[in-house]
Amino acid sequence: MSYLVDSNVLLRLVYRLDSMHGDAENAYTMLREQNQVLCVVPQNLIEFWAVATRPTSANGLGLTIEEAAHESSLLKSLYTLKSDTPEIYTTWEQLVIKYQVRGKQVHDTRLVAAMVVHQITHLLTFNTDDFKRFTEITTVDPRQISA
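Per the numbering used here, the sequence shown starts with residue 1, numbered consecutively.
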């Protein structure tokens with residue numbers, strides 16, 4: 001199996017004081033021990049950067065540019081980075097029409113499109129409800145794995 005690791009999991013892996021850090025870390029460790037392929041796409045890293053560099057007063061991690069660059073580099077060394085391709089847009093467009101996606105949810109749909117194009121079957125995310133509509137993928141909450 002292959003997993004796309006959502007940015008909310010990546011952020012909790014980096015931010016050790018988060019109450020769900022242990023769940024994220026345990027899920028990562030257990031999936032690695034099971035030889036699962038763990039992937040990210042550029043969008044995951046872009047979302048990670050946005051939250052990591054946002055001030056803590058605005059619900060971010062407050063990292064400096066240098067710290068965020070270091071953490072991003074580390075994440076790229078830990079996960080298989082799948083590239084953006086033109087097919088992702090075409091698939092995204094089909095999905096937003098099929099599922100009548102509106103507003104901010106179009107960004108989640110783009111992750112699903114990347115998964116479909118790269119044949120990634122599972123999404124590791126703390127926000128499973130955001131992806132319930134998509135029959136093309138299986139969502140897994142890290143707390144299910146580490147339990």
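Treat the hints with care, since some could be wrong.
Derived EDC-like pairs: lysine to aspartate or glutamate, alpha-carbon spacing no greater than 20 Å straight-line [claimed, not checked]:
{"no.": "1", "residue 1": "K82", "residue 2": "D129"}
{"no.": "2", "residue 1": "K82", "residue 2": "E66"}
{"no.": "3", "residue 1": "K76", "residue 2": "E33"}
{"no.": "4", "residue 1": "K98", "residue 2": "D130"}
{"no.": "5", "residue 1": "K76", "residue 2": "E47"}
{"no.": "6", "residue 1": "K82", "residue 2": "D108"}
{"no.": "7", "residue 1": "K98", "residue 2": "D108"}
{"no.": "8", "residue 1": "K104", "residue 2": "E66"}
{"no.": "9", "residue 1": "K104", "residue 2": "E93"}
{"no.": "10", "residue 1": "K132", "residue 2": "D84"}
{"no.": "11", "residue 1": "K82", "residue 2": "E47"}
{"no.": "12", "residue 1": "K98", "residue 2": "D129"}
{"no.": "13", "residue 1": "K104", "residue 2": "D130"}
{"no.": "14", "residue 1": "K76", "residue 2": "E136"}
{"no.": "15", "residue 1": "K98", "residue 2": "E136"}
{"no.": "16", "residue 1": "K104", "residue 2": "D129"}
{"no.": "17", "residue 1": "K132", "residue 2": "D108"}
{"no.": "18", "residue 1": "K98", "residue 2": "E87"}
Just so you know, these hints were derived from the structure itself, not from any lab.
Now the hints, each set against the structure:
This hinted pair does not check out: K82 and D129 have alpha carbons roughly 24 Å apart, beyond 20 Å. Annotation: proposed proximity of K82 to E66 is violated, straight-line Cα distance about 24 Å (limit 20 Å). Between K76 and E33 the alpha-carbon distance is near 19 Å, which keeps this suggested pair within the 20 Å criterion. For a cut-off of 20 Å, the pair hint linking K98 to D130 stands: about 16 Å separates their Cα positions.
With a C-alpha separation of about 14 Å, the suggested pairing of K76 with E47 holds against the 20 Å cut-off. Distance restraint check for K82 and D108: the Cα-Cα separation of roughly 16 Å lies within the 20 Å cut-off, and the hinted pair is therefore satisfied. A distance of roughly 14 Å separates the Cα atoms of K98 and D108; the hinted pair therefore holds under the 20 Å criterion. With a CA separation close to 29 Å, the supplied pair K104 and E66 exceeds the 20 Å bound.
Between K104 and E93 the CA atoms are separated by roughly 15 Å; this keeps the pair inside 20 Å, and the hint holds. At roughly 24 Å between alpha-carbon atoms, K132 and D84 are farther apart than 20 Å, so this suggested pair is violated. The hinted pair formed by K82 and E47 meets the criterion: a straight-line CA distance of about 15 Å does not exceed 20 Å. At roughly 18 Å between alpha-carbon atoms, K98 and D129 fall within 20 Å of each other, so this suggested pair holds.
Between K104 and D130, the direct Cα distance comes to roughly 11 Å. Compliance with the 20 Å bound is thereby established for this hinted pair. Between the alpha carbons of K76 and E136 the distance comes to roughly 25 Å, so the proposed pair goes past 20 Å and is violated. In summary, the hint linking K98 to E136 is supported, as the alpha carbons are separated by about 12 Å, within the 20 Å threshold. Distance restraint check for K104 and D129: the Cα-Cα separation of roughly 14 Å lies within the 20 Å cut-off, and the hinted pair is therefore satisfied.
Between the alpha carbons of K132 and D108 the distance comes to roughly 11 Å, so the proposed pair stays at or under 20 Å and holds. A hinted pair counts as satisfied when its Cα atoms are at most 20 Å apart, and K98 with E87 qualifies at roughly 16 Å.
Hints 1, 2, 8, 10 and 14, counting from the list given before, are not met by this structure.
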